[in-house]
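Given next are the chains, with one letter for each unit.
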Amino acid sequence: MSPHPEAHWRAALAEGRLLLQRARASGTAFFPPRIMEPGTGDEEVEWIEASGMGTVYAVTVVHPRPPAEPYDVALIDLDERVRLMSRVDGIAAEAVRIGQRVRARIVEEEGQPLLVFEAV
Amino acid sequence: MGGSFPRGGAAIAGLATFGLGEAPGWSAIELAARAGLDALADAGMALDDIDGLFVCLPDDMFGGLALAEYLGIAPRYTDCNRTGGSAFMSHVAVASMMLAAGYIDTALITYGSNQRTAGGKLATPAKSSRYEAPYKPLFPISAYALAASRHFHEYGTTRAQLAEVAVAARGWANGNAEAFAKGPLTVEDVLAARMLSTPLTARDCCLVTDGAAAVLLTRTERARDCPKPPVPVLGAAAATWHHAISQMPDLTTTAAAESGARAYAMAGVGPADIDVVQLYDAFTINTILFLEDLGFCPKGEGGRFVEAGRIAPGGALPVNTNGGGLSCCHPGMYGLFAIVEAARQIRGEAANQIDSVEVALAHGNGGVLSSQATVILGSTATV
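Read top to bottom, the protein sequences are chains A and B.
Counting from 1, position 60 in the first sequence corresponds to residue 60 in our numbering; the numbering is continuous, with no gaps.
When you read off a place in the second sequence, starting at 1, and then add 120, the result is the number in our numbering.
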């Protein structure tokens, strides 16, 4: 295990890989990266490659003052039973629905790698 | 074991609000000091009576130290809890136990903010986590909007039901001289207001105002000798299940389900015994979530519960009788204003006084539904 889980996760993201941590004993995946499994303190934690598949758990469309366009902010439940905030690209913000299946994509935005999703 | 509480051992002996709405020229610390002095006077006490100081100023992480120096006092204990707008409920819990233990003899809990006249934006050092910020959620509105979206999805709650919460709050504010937002407000007005983060419009959001509040606690036996009727603390409990909204286990159930249950158990009462309810309504969805989580209606029924003016003036359950954060005041951290209104209802001196209030509940929320804390107050007859 890397001694600096957050840096390790960000470095992988910059290489186009979505990693998650999983506690070896419980088999539970979790996010954001931590130095131990939350709730148990188990430090026997390994990195796994996420499937990238998930489901929209909750969604809001932010309406900035015009002329800026509305955009969605969503909570995504990955198939590994991990929840994170992201957005769904490729369809109108208003068209993003709870329960919709989505797939991860890593893009570059403002010079940083960014995890987003697209509808499948 | 754990979970024990000195039921009725401490009481609110003094209270005050000041500068609700706009207080041009006042700084946050001046407002907190002003309300503090007024609460002391209300209790028939003076500065040198304070030996526990509980304060969290919006703009100063070291506000406890700053206010002690400003007042020119050397407290035996100073507390600057940062759980957000629920901090004051936690202050009441800690102060009650310290008073009962004899560690302190009085506790001043005070707060002030000039966020409206100082800039017109929510003054808070809180922000989205670095895992969330790149997606540009409006902080904190979008977090509550996400919770509302999930409540809509699971329980069929509607925007019109959210709007009922804002309309009820305005109804109470219209009867409160201190309230900042007054005048007619209809469900249609709320629905037609500017959309900020679906499903929440500007009228689903709390006000941005100035204001200050303070309460002075002492042991109930001593409070009986103070000029005003004592308001004993029957129970006080806090719970935290997450910080960032993306880490909240279930967006339709808050930790109020835990803080409320523990506070009820300490107080020896249940939802049916509560005569008046003060909930931290930073957004309209909060009132619905907390009515459910605190047991006033089943989970998922909150939207239907608030229909037809049930929580408005004249309704079956008086909720946020001062107008709440939606229409009375919201100076950044509202929790203390809910406590003051609950205590005023028990004293019989509220602007919208409910008949024969014996037990009142004040519930605080901090962060993005993150910190939940519940205080149950009673009349001396309940001790």
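Hints were generated in silico from the structure; no laboratory data involved.
We put the CB at the ideal spot given by N, CA and C, even for glycine.
Take the hints with a grain of salt, since some may be wrong.
Residues of chain A clear of chain B, computed beta-carbon distances all greater than 12 Å [to be verified]:
| id | residue |
| --- | --- |
| 1 | Ala74 |
| 2 | Arg101 |
| 3 | Pro113 |
Part of the chain B face toward chain A, derived, beta carbon under 8 Å [as the list claims (entries may be wrong)]:
| id | residue |
| --- | --- |
| 4 | Lys256 |
| 5 | Ser262 |
| 6 | Thr500 |
| 7 | Thr502 |
| 8 | Val503 |
Cross-check of the supplied hints:
The Cβ of A:Ala74 sits about 8 Å from the closest Cβ of chain B, inside the 12 Å cut-off, so the non-interface label is violated. No beta-carbon of chain B is positioned within 12 Å of the beta-carbon of A:Arg101; the least distance is around 15 Å. At roughly 10 Å from the closest C-beta of chain B, the C-beta of A:Pro113 falls inside 12 Å, breaking its exclusion from the interface. Because the smallest distance between the Cβ of B:Lys256 and any Cβ of chain A comes to about 7 Å, under 8 Å, the interface hint for this residue holds.
At its closest, the beta carbon of B:Ser262 sits 5 Å from a beta carbon of chain A; the interface hint therefore holds under the 8 Å criterion. Interface hint at B:Thr500: violated, since its Cβ lies 43 Å from the closest Cβ of chain A, which is beyond the 8 Å cut-off. For B:Thr502, the shortest C-beta to C-beta distance to chain A is roughly 38 Å, which exceeds 8 Å, and the interface hint is violated. Below 8 Å, beta-carbon pairs count as interface contacts, and B:Val503 has none with chain A, the closest being about 39 Å; its hint is therefore violated.
The structure is inconsistent with the numbered hints 1, 3, 6, 7, 8, although it conforms to all the rest.
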